[in-house]
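J.: Quick note, the sequences are listed as chains A and B, same order. If you read the first sequence in our numbering, its first letter stands for residue 1, the second for the next number, and so on. If you read the second sequence in our numbering, its first letter stands for residue 1, the second for the next number, and so on.
Be a bit skeptical, because a hint or two may be false.
[What the hints assert, rightly or not] Computed far set for chain A versus chain B, every beta-carbon distance over 12 angstroms: (1) K2; (2) E14; (3) P41; (4) P83; (5) G96; (6) E118; (7) E122; (8) E139; (9) D140; (10) R183; (11) F204; (12) Q243; (13) I248; (14) A282.
[Stated by the list, open to error] The calculated PhoX-like cross-link candidates involving lysine-lysine, where the alpha carbons are at most 20 angstroms apart (straight line), are: (15) K201/A to K246/B; (16) K201/A to K91/B; (17) K227/A to K201/B; (18) K2/A to K227/B; (19) K201/B to K2/B; (20) K2/B to K227/A; (21) K201/B to K2/A; (22) K2/A to K227/A.
[To be verified] Every beta carbon over 10 angstroms from chain B, so not counted as near; a handful from chain A, in silico: (23) A21; (24) Q85; (25) W143; (26) A172; (27) D240; (28) D299.
Source of the hints: derived by calculation from the structure; they are not laboratory data. Ideal Cβ placement from N, Cα and C applies to all residues, glycine included.
2 protein chains.
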Amino acid sequence: MKKFINDPADVVREAHAGLAAAHPELRVNLDEQFVARADAPRPGKVGLISGGGSGHEPLHAGFVGPGMLDAACPGEVFTSPVPDQILAATKAADAGAGVVHVVKNYTGDVMNFQLAAELADEEGLRVQTVLVDDDVAVEDSTWTAGRRGTGATLLVEKIAGALAEEGADLDAVAAVARLVNERSASFAVALTACTTPAAGKPGFDLAADEIEVGVGIHGEPGRSRQKMRPAREIAALVVDAVQSAKPIGPEPLIVMVNGLGGTPQMELYLMFGEISRLLHDAGAQIARSLVGNYVTSLDMAGMSLTVCRADDELLRLWDAPVHTPALRWGA
Amino acid sequence: MKKFINDPADVVREAHAGLAAAHPELRVNLDEQFVARADAPRPGKVGLISGGGSGHEPLHAGFVGPGMLDAACPGEVFTSPVPDQILAATKAADAGAGVVHVVKNYTGDVMNFQLAAELADEEGLRVQTVLVDDDVAVEDSTWTAGRRGTGATLLVEKIAGALAEEGADLDAVAAVARLVNERSASFAVALTACTTPAAGKPGFDLAADEIEVGVGIHGEPGRSRQKMRPAREIAALVVDAVQSAKPIGPEPLIVMVNGLGGTPQMELYLMFGEISRLLHDAGAQIARSLVGNYVTSLDMAGMSLTVCRADDELLRLWDAPVHTPALRWGA
């Protein structure tokens, strides 16, 4: 294993130190292990936080800032944040108007966010939890009861973040977050496994001519292992999977082609071209698009597609200004 | 080789088709092979174009847009664009006020941009050429007479792009581009080689415990092959190399920690933390920072450091609004 690290045990903490050095507009709390907007909590504003295992950067700390998250609590690599850490991030985001927890559907995350929400409740904070479970590949998975939460997390955080920024109340922010999740579907394909710093070797074996179809963002098994094939055939697989699970109608779509960490941008754009052609041929209307590494799996070569059936209001919130390390426009 | 491609011969063209689908604010000319701002040429504005081999995305097409490049002409993977293609991009950017060519110092690029400038001159266009040669690793290289052009290209394009957007004349835009290049130094380390679609195998052999110190963005040999070591020691190597070649004084610095394509963002931030600590200890002042994949080498695992000794005016131009696929703020 060759990685730019010192000791595997210090990777997350040292990466956070780098994040703090690079982004003075964030407040990185190395002791309590959360990252917040420097100006959080904002008086009167509903707080929006998220968290989960590290290794999916820029998710979540890269999405902290005006128009998106108030705080993020990253756990160790592929490991849920602990309840006290989530509680600390919740308090950092709370200005009395309540806090929405955006939780990807993994067993550890769900449990620890629930415990944190109970602790917050005991302290008189109002918390609403929004579960993200957009990955249509499998019904249950290694670390999951129900569908996994993946790429749609970005869309949930962006759109709910925009509504919170406008001053909407707790119920409204949670409701739009749930709506985005319901209207989103994701599906991923891996060309290689990823290597965690602690393990030091790839998380699973994949032959030189094989791909994992429907892979999870921790390298969890997908639907099938198949032979490598041209990009246009992989694009068809991915679009079919999304279409079958959540049929795409005439709604304007937000489409994200996301790199899992080790795939060159050239290939992501090539895949976006194939996917957009297939969607157009199916009568779909791509209203907004995003191509890049946003919800990653360390150094895994692979890509995921996320499609959200939007409407005018969701597009308006998507377009609203955002100023975070990884997503920034209009500000 | 597993890549999201169809035929290696079609990769660049198909990636451009995807770029066009994802970015309606760009005009992608698939026949003449250039990418331009949809509103280019802008009356009265000096044009700014760049180009070079593909495989370094988002460089250069990802930097086309208001506040940065008017057009980019990407060649095939690791291959210079041809003179006619550069001429077409030059014309697309020309509004009568002249065009600046930003050329990374590689033999093929230098020759073809020179031929294109001569063709443009014959047609009555005014062109000024700015050579970028910031990579301090080696004096001459496989594909280069003199130092290679790498990470500083982004800084040159951003800062000259901002000045051009303000309405500065041809000489002034070329002058600030040259100034940024002179004041910048870069140095890269590779953990793995990259694989071009055409070759189908890694461009060089690197043992499981070895790193290439001073590597070029095409995988050209660097200064030495060394044993893998902790991030803090690699950071020291990189900072020393930059410091020795272009000593850092009291000026405010723009610091970029750039991923070469296959390195997770977590490791880039960890490296930024190490590098910023070393720079602070040396009395340097980091005024602006950028961490991410900007000047890449396909799927190569590795990173580069670029340091630019700025001043108030260069920082002002750096902060100016920019709206491109890969770099966007204030717009």
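J.: Each hint should be assessed against the structure and marked as holding or not.
T.: Status of each hint after checking the structure:
no.	hint	in the structure
1	K2	violated, 4 angstroms
2	E14	violated, 5 angstroms
3	P41	holds, 25 angstroms
4	P83	holds, 23 angstroms
5	G96	holds, 31 angstroms
6	E118	holds, 30 angstroms
7	E122	holds, 34 angstroms
8	E139	holds, 27 angstroms
9	D140	holds, 28 angstroms
10	R183	holds, 21 angstroms
11	F204	holds, 15 angstroms
12	Q243	holds, 18 angstroms
13	I248	holds, 16 angstroms
14	A282	holds, 15 angstroms
15	K201/A to K246/B	violated, 39 angstroms
16	K201/A to K91/B	violated, 51 angstroms
17	K227/A to K201/B	holds, 19 angstroms
18	K2/A to K227/B	holds, 10 angstroms
19	K201/B to K2/B	holds, 10 angstroms
20	K2/B to K227/A	holds, 10 angstroms
21	K201/B to K2/A	holds, 19 angstroms
22	K2/A to K227/A	violated, 28 angstroms
23	A21	violated, 4 angstroms
24	Q85	holds, 18 angstroms
25	W143	holds, 20 angstroms
26	A172	holds, 28 angstroms
27	D240	holds, 16 angstroms
28	D299	violated, 5 angstroms
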